[in-house]
Structures are given as structure tokens and as C-alpha cells.
Amino acid sequence: MTRQQVLDLYFLDARHKLIEVAAFLDRVERAVGRPAGRADLPVSQVARRRVPTGEDFRLKAFHAALGKLRGKQKEKARRVLLAFSDPTTKPVAKAPGKGACGAWPGK
Amino acid sequence: MRYIEPHAHMVSRVTDDYERMALAGCEAVCEPAFWAGFDRSSAAGFYDYFCQLTEHEPKRAAKFGLKHFCWLCINPKEAEDVKLAAEVIALIPKFLDRPNVLGIGEIGLNKNSRNELKVLEMHVDFAAWHDQLILVHTPHLEDKLKGTRLILDVLKNDQRIRPERVIIDHLEEHTAGLVLDAGHWAGMTLYPETKCSPARAIDILEICGNERICLNSACDWGVSDPLAVPKTALEMKRRGHLTAAIDMVIFQNPKKFLSQCPKFKIG
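Taken in sequence, the protein lines are chains A and B.
Add 13 to a position in the first sequence, counting from 1, and you land on the number used in the numbering used here.
Add 813 to a position in the second sequence, counting from 1, and you land on the number used in the numbering used here.
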């Protein structure tokens, strides 16, 4: 496909998704209270830890991932995925529950 | 357009889905053993599940002219219990000769724990010993990159494993290259929110090439679509991909990989 064809096919869909992201961030800012991790998931104490700015680790990772969209670097999708990923290499001692939550809580 | 569904958890789908898949052009559906959404209480639970995969589901599929194949294992979400895992793996030989069993899967990792890794190694050893194909699940979301690397190391460290007899599933932009570079087959799962969208899957195809890549829906008891593969084929057509290229990805590629098991015969 040409760049023109890609834009013609996907622009509206991408625009919609960008507005959804913006609305999500507005919703977070509008909501009251300080985040304390996801109480609904049986995650370890480490995962519930707030980062020093008082921000939920998922939001911190989200903002870091958003930063990957700017600039001329290629492979933006891969960089966004890496921004959410656990970068460590050693297996953990015990599985902290069953589910994943979308962002690495850090050590 | 004909297609093969290489990864669908039909035990969790209604019979209508088989009909819809057949109408959409599906010729064969392959079902790996997975987590039921709860932990089974004993190896006996897995025995019954393996009976369901090898006896009941093929009959349901056959009502709509569909061939049903399956894979056997204890899935990564239940692999923290190594003792249970050993009991389940010990059951598998009873089922290996059944006509629709393709190999061992979906093995892999979930939270990348030591016990999960141990159970993965047990499965790989079993598969190597019995010369079985392997289907691997890579972890979800933030755990996927780490888990994929650990899985690739396990496979590489077993000299008996031939890379082309392993398909590693649920790949995304940050893991597809790792798997293909290691010589394995790559599965891309078209599953809402937690895995690839059709558009992203096609992007990965366009970047990595069509060889050794399969698409699947991995439809299960979650919000998922058993018709994700034909819908992605339609998206490929919208983008201008030729019919032969689409057929290669959704039919020829899965047929080539799965036909390494002599039991996989369709048409």
C-alpha cells in the first residue's frame, strides 16, 4: 500500500483510538483519591507499591509508553510494548497469582 | 476462503461456533489443552478433560464436516504445582495414540516462575522422548518478553528439539523476531485487548514475511471471536494482499506445520 492508502484506510480508526486514550487520561485526572495499586487482583505487595510521585505504576508506564510515540524513531509499537514489559531475565521464586496486569511493577 | 484454525478452545464454545466456522471456510480446528478458568483439583480432572478433547469435541466438530485435532499438556497457569504436573504428564501416554492428538501443548510460562519453568522442561523432555510436535504459549502482557526469552532458552538447551517442529504462539511486535530468528514457527493470536489486532498482525506479516507464520483466534471462555482468522483474511484483502498470499498464511502454512504429525490429514 502507498502511504496515502494507509492513511485513507486507517486514519479514522487511529483517530478514534487516540481520542479514547485522551479521554482515559482525562478520566483518571478527574477521578478522586490517590491510586494504591489494583486491590481487585491478588498481586504481591511489590505490585501494589506506589512509585514516589504517588502515581500508580501502570500510569507511570503508560506515560512512558506514550513518550515512545513522539519523534522519528521507528518500530513505535515494539517500543510501546517494551515500555510495559518486564525487562528482567531470571525466573521469579513463585508465581504471584495467575493474571497479568499490563505493566511491570518494578523490583 | 478456506482456512485452518490452529488454536481454538472449543470446549468453551457453543456448538453454533462450529457451524459458523464451517460456514466461514474452516476445514480443521486444532485445540490445545488449556486452563479452564479455575484450577482442576486433581489429575483425574485432567484425565476427563483429555477424554473430552479426544472423544467428545471431534464428534461435535464432525456434525459440521469439521475435522478436530488436539494437543495435550498441563497448562502454564496450573504449573506452579510440580507434583500435580508430573501426575498429569504421566497420563498423556494413554492418549498419545488417539487419532486426533497432534502433540504437546499449549505448554509454556505464565508468570515466569521457577516451578513453571521446571514443568516446561518436563514437557519438552516428554515431547522430545516421544518425538511429538510442540505448541507453546507465551505469557500475557508485561510478562511476554521475559517469558519468550526463557522459553527459547529451554528449547535451545535441548539438543533433541528440532526448531521447525515447535510453534510459539501469541507473538507480538517485540517477540516475533526472536522466535523466527530461532527457527521456530510463529503463531499470532487475534484476540481483543490482550493480544494482536488484525491490523497489527498483518503489519507483522508484512515486516517479517509470510514464511513460518500462522494466524489463530485462540477463542476461549473470554471475550473472543472464533471467526478472527477469516476476518483478518478479509482485512488482508482490503490491504491488497493477493489471494495466494492470504491462502498461504491461513491455510498452507498451518497445513505445512501440522502435517509434520502424520495424523493431520484433511481434504
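To be clear, the hints were calculated from the coordinates, so they are not data collected in a lab.
Please read all numbers here as calculations on a predicted model, not as lab measurements.
Cβ atoms here follow ideal geometry from the backbone N, Cα and C, with glycine treated the same way.
You may find that some hints are simply not true.
What the hints assert, rightly or not - Some but not every residue of chain A turned toward chain B, in silico, with C-beta under 7 Å:
1. Leu-25
2. Phe-37
3. Arg-91
4. Lys-120
Said to hold, decoys possible - Some chain B residues flagged as far from chain A (calculated, every beta-carbon gap over 12 Å):
5. Ala-835
6. Ser-854
7. His-869
8. Arg-873
9. Ala-875
10. Pro-889
11. Ala-892
12. Glu-900
13. Lys-969
14. Ala-989
15. Arg-1013
16. Glu-1019
17. Leu-1040
18. Met-1061
19. Lys-1068
20. Cys-1074
As the list claims (entries may be wrong) - In silico DSSO-like links for lysine-lysine, alpha-carbon gap of 30 Å or less:
21. B:Lys-1078 x B:Lys-1068
22. A:Lys-107 x B:Lys-1068
23. A:Lys-103 x A:Lys-81
24. B:Lys-931 x A:Lys-103
25. A:Lys-111 x B:Lys-907
Comparing the hints with the structure gives:
no., hint, verdict
1, Leu-25, "13 Å, violated"
2, Phe-37, "13 Å, violated"
3, Arg-91, "4 Å, holds"
4, Lys-120, "13 Å, violated"
5, Ala-835, "30 Å, holds"
6, Ser-854, "16 Å, holds"
7, His-869, "26 Å, holds"
8, Arg-873, "28 Å, holds"
9, Ala-875, "34 Å, holds"
10, Pro-889, "9 Å, violated"
11, Ala-892, "8 Å, violated"
12, Glu-900, "19 Å, holds"
13, Lys-969, "14 Å, holds"
14, Ala-989, "9 Å, violated"
15, Arg-1013, "7 Å, violated"
16, Glu-1019, "9 Å, violated"
17, Leu-1040, "19 Å, holds"
18, Met-1061, "19 Å, holds"
19, Lys-1068, "28 Å, holds"
20, Cys-1074, "30 Å, holds"
21, B:Lys-1078 x B:Lys-1068, "9 Å, holds"
22, A:Lys-107 x B:Lys-1068, "38 Å, violated"
23, A:Lys-103 x A:Lys-81, "26 Å, holds"
24, B:Lys-931 x A:Lys-103, "13 Å, holds"
25, A:Lys-111 x B:Lys-907, "29 Å, holds"
Violated hints for the displayed structure, listed by number in ascending order: 1, 2, 4, 10, 11, 14, 15, 16, 22.
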